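With the sequences and hints as input, model every part of the structure.
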Amino acid sequence: MLIKEVCSITGLSSSTVRYYDSQGLLGKVERRSNNYRIFDNGDIDILNFIKKARNLGFDLDEIKKILMMKKSGVIPCNYVNKRLKEKIAFLNTEIIRLQKEKENLEKHLSDAQQVCGCRGKVCHYIEGVEEEHVNADLRISSHNF
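Everything in the sequence shown is counted per this note's numbering, starting at -18 for the first residue and increasing by one.
Don't read these hints as lab results, they were simulated from the structure. The model shown is predicted, which means the values in this text are computed figures rather than measured ones. Treat the hints with care, as some may be off.
No more than 16 Å apart at the CA atoms, straight line, and that leaves these computed lysine to aspartate or glutamate pairs for EDC-like [unchecked claim]:
hint, residue 1, residue 2
1, LYS33, GLU43
2, LYS32, ASP42
3, LYS32, GLU43
Ranges of calculated distance between the beta carbons of each label pair, as one might list FRET restraints [what the hints assert, rightly or not]:
hint, residue 1, residue 2, range
4, LYS(-15), LYS51, 25 to 35 Å
5, GLU108, ASP40, 21 to 31 Å
6, VAL103, VAL55, 54 to 64 Å
7, ASN29, GLN95, 50 to 60 Å
8, LYS(-15), ILE77, 19 to 29 Å
9, LYS51, GLN95, 54 to 64 Å
10, LEU90, TYR60, 41 to 51 Å
11, GLU84, LYS51, 20 to 30 Å
12, GLY101, SER(-4), 44 to 54 Å
13, PHE30, GLY98, 52 to 62 Å
14, ASP40, ASN73, 13 to 23 Å
15, ARG35, GLU82, 24 to 34 Å
Cβ atoms here follow ideal geometry from the backbone N, Cα and C, with glycine treated the same way.
Below you can see the structure in the form of structure tokens.
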């Protein structure tokens, strides 16, 4: 098969297929006398595998390691299992971090919306309203004496 057919089957662009080939992910690809690559069904299987692995968040180095393990007769499932668990743990940590960031932004927005008119040297939505609250608290305290 020529690259055009491979792209049609896999849904990958020709530049992506060429890049994967240049990174050694496809192994040895045959070439015609005009230097056009000739792909077979095994190449299609590998390209589909790479596409699925990329969609799961594996980078090309990880994918290359998985393919090399398989090629050398080592079953890569334990490695993949470990990497998936690590990716899930990372995402769980990121979700917590992003939730805290979201809550901070929501509080910042809510505080800023309590102020009438624009306050601050440029914009109180960015600078915050702590100074406004401190000044208001001082005014209230000074009236009590």
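*Does GLU43 lie within 16 Å of LYS32 when you go C-alpha to C-alpha?*
13 Å, holds
*Holds or violated: 25 to 35 Å for the Cβ distance of LYS(-15) and LYS51?*
Because 28 Å falls inside the window, the suggested range holds.
*State, for the Cβ atoms of GLU84 and LYS51, whether the hinted interval 20 to 30 Å holds or is violated.*
At roughly 44 Å between Cβ atoms, LYS51 and GLU84 fall outside 20 to 30 Å, so the hint is violated.
_Assuming the hint says 54 to 64 Å, is it satisfied by the Cβ distance from VAL103 to VAL55 or not?_
Cβ of VAL103 to Cβ of VAL55: about 59 Å, so the range 54 to 64 Å holds.
*Is the distance from the Cβ of LYS(-15) to the Cβ of ILE77 consistent with 19 to 29 Å?*
The hinted range 19 to 29 Å is violated for LYS(-15) and ILE77, with Cβ atoms some 46 Å apart.
*Has the hinted range 13 to 23 Å been met by the Cβ atoms of ASP40 and ASN73?*
The hinted range 13 to 23 Å holds for ASP40 and ASN73, with Cβ atoms some 19 Å apart.
*For the pair LEU90 and TYR60, does the Cβ-Cβ distance stay inside 41 to 51 Å?*
Given range 41 to 51 Å: holds, Cβ gap about 44 Å.
*asked:* Within 21 to 31 Å: is that where the Cβ-Cβ distance between GLU108 and ASP40 falls?
replied: Roughly 39 Å apart at Cβ, these two residues miss the hinted range, so it is violated.
*Is it true that the C-beta distance of GLY101 to SER(-4) lies inside 44 to 54 Å, as the hint says?*
48 Å, holds
*Per the hint of 52 to 62 Å, is the separation of the Cβ atoms of PHE30 and GLY98 within bounds?*
Cβ of PHE30 to Cβ of GLY98: about 59 Å, so the range 52 to 62 Å holds.
_Holds or violated: LYS33 and GLU43, Cα atoms, limit 16 Å._
Holds, at roughly 13 Å.
_Agreement of LYS32 and ASP42 with the hint, judged by alpha carbon distance not exceeding 16 Å_ = 14 Å, holds
Checked against the numbered hints above, the structure breaks hints 5, 8 and 11 and satisfies the rest.
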